[in-house]
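Peer 1: Spelled out from the first residue to the last, the chains are:
Protein chains: 2
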Amino acid sequence: MTEKLGILAIGHGSKLPFNKEVVTKIADYIADKHADVVVRAGFMENSEPTLEEAIAGFSGTGVTKIAAVPVFLASGVHITKDIPQILGLDENGCGNLTIDGKEVPLCYAGPLGADELIADLVYKRVEEVI
Amino acid sequence: MTEKLGILAIGHGSKLPFNKEVVTKIADYIADKHADVVVRAGFMENSEPTLEEAIAGFSGTGVTKIAAVPVFLASGVHITKDIPQILGLDENGCGNLTIDGKEVPLCYAGPLGADELIADLVYKRVEEVI
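Residue numbers (numbering that gives the first Met the number 0), protein chains in the order written: chain D, 0 to 129; chain R, 0 to 129.
Just so you know, the hints here were simulated from the structure itself, not pulled from any lab data.
Errors might be hidden in some of the hints.
One copy or any two copies: either way a pair holds, since identical chains are not told apart in the list.
As the list claims (entries may be wrong) - Here are the computed lysine-lysine pairs in the DSS-like style, where the Cα-Cα straight-line distance is at most 30 Å:
| hint | residue 1 | residue 2 |
| --- | --- | --- |
| 1 | K123 | K3 |
| 2 | K3 | K14 |
| 3 | K14 | K101 |
| 4 | K32 | K101 |
| 5 | K24 | K80 |
| 6 | K123 | K64 |
| 7 | K24 | K123 |
| 8 | K101 | K123 |
| 9 | K64 | K80 |
| 10 | K80 | K19 |
| 11 | K80 | K123 |
| 12 | K64 | K101 |
| 13 | K24 | K14 |
| 14 | K3 | K101 |
| 15 | K32 | K64 |
| 16 | K64 | K3 |
| 17 | K19 | K123 |
| 18 | K32 | K3 |
| 19 | K123 | K14 |
Bound-form chain D, shown alone:
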């Protein structure tokens, strides 16, 4: 069977529009660059779609596996507790989602973290104002 990957991009969400705008645009960049991948974005707080609504958005896409990835700079309570609970993950960060009545395996990726790419981007933001 040919695998079809789904990416569930999870944002923090905010009462202000900025977090949703950034996370949605990042999800769009990924979808544009990886045309064979189905990307859906969902949020933990204050922004929509919720995680559950985002998961429902994989219906009809034919995804055979899903990677859930927190689009957060660093880990925190949402990442260590809330998201694993909502997704029903085991201690290895794996689980299953039911999409169109079928069990679809799910794995959980890490947040952005302290990558040198981020340091370069921070320095670029500095250069924009000095």
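Let chain D serve as the given structure and place chain R on it in line with the hints.
Peer 2: Frame of chain D; chain R shown alone:
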């Protein structure tokens, strides 16, 4: 006069150690890559040093201008209200800090935002688990 740049890298902070670890490591990467720049990290909530303590850390370094940069994925209340208030910024995002009794001009950079670099890094995190 030769200019000497200071970068005030501002993190959200957290009760968990991860945000501080990531922001501090990013600040270290910048300092390693730009040896002529003085980098200090400070936090808005729950983590130390505070913003005020981080600013005090420029004492004795001879910095002649400072860029304050929020190491946040997206803008929010800390970035639009709290940080400008603490730093005494005008509506153009500029102000002055007093370092060793001298006025040092300060400008305010944007957060990471929806850059394609971030999208590539999110996809890298996905590839680590699929």
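Peer 1: Each hint should be assessed against the structure and marked as holding or not.
Peer 2: Status of each hint after checking the structure:
In this assembly of identical chains, K123 and K3 lie within 30 Å of each other by CA distance solely across copies; the values are 17 Å between and 36 Å within a copy. For the homomeric pair K3 and K14, neither the shortest alpha-carbon distance inside one copy (34 Å) nor that between copies (38 Å) is at most 30 Å. For a Cα distance limit of 30 Å, the shortest separation of K14 from K101 qualifies neither inside one copy, at 35 Å, nor across copies, at 39 Å. For the homomeric pair K32 and K101, the shortest alpha-carbon distance inside one copy (27 Å) is at most 30 Å, but the shortest distance between copies (49 Å) is not.
Within a single copy, K24 and K80 get their C-alpha atoms as close as 26 Å, and across copies as close as 24 Å, so both meet the 30 Å cut-off. Taking the shortest alpha-carbon separations for K123 and K64, only the inter-copy value of 16 Å comes in at or below 30 Å, while the best intra-copy value is 36 Å. With identical chains, the CA atoms of K24 and K123 are at most 30 Å apart both within one copy (19 Å) and between copies (17 Å). In this assembly of identical chains, K101 and K123 lie within 30 Å of each other by CA distance solely across copies; the values are 27 Å between and 45 Å within a copy.
Only within a single protomer do K64 and K80 lie at most 30 Å apart by alpha-carbon distance; the minimum there is 22 Å, versus 41 Å between protomers. In this homomeric assembly, K80 and K19 come within 30 Å of each other (Cα to Cα) both inside a single copy, at 21 Å, and across copies, at 19 Å. In this assembly of identical chains, K80 and K123 lie within 30 Å of each other by CA distance solely across copies; the values are 23 Å between and 33 Å within a copy. Taking the shortest alpha-carbon separations for K64 and K101, only the intra-copy value of 11 Å comes in at or below 30 Å, while the best inter-copy value is 59 Å.
For the homomeric pair K24 and K14, the shortest alpha-carbon distances inside one copy (18 Å) and between copies (29 Å) are both at most 30 Å. When the C-alpha separation of K3 and K101 is checked against a cutoff of 30 Å, the pair qualifies only within one copy, where the shortest distance is 14 Å, while the shortest distance between copies is 60 Å. In the homo-oligomer, the alpha carbons of K32 and K64 lie at most 30 Å apart inside one protomer (19 Å), although the nearest pairing across protomers, at 39 Å, exceeds that limit. With identical chains, the CA atoms of K64 and K3 are at most 30 Å apart within one copy only, with a shortest distance of 6 Å there and 51 Å across copies.
Taking the closest pair of Cα atoms, K19 and K123 come within 30 Å of each other both inside a single copy (22 Å) and across two copies (21 Å). Proximity of K32 to K3 under the C-alpha cut-off of 30 Å is restricted to the intra-copy arrangement: shortest distance 15 Å within a copy versus 40 Å between copies. When the C-alpha separation of K123 and K14 is checked against a cutoff of 30 Å, the pair qualifies both within a copy, at 27 Å, and between copies, at 29 Å.
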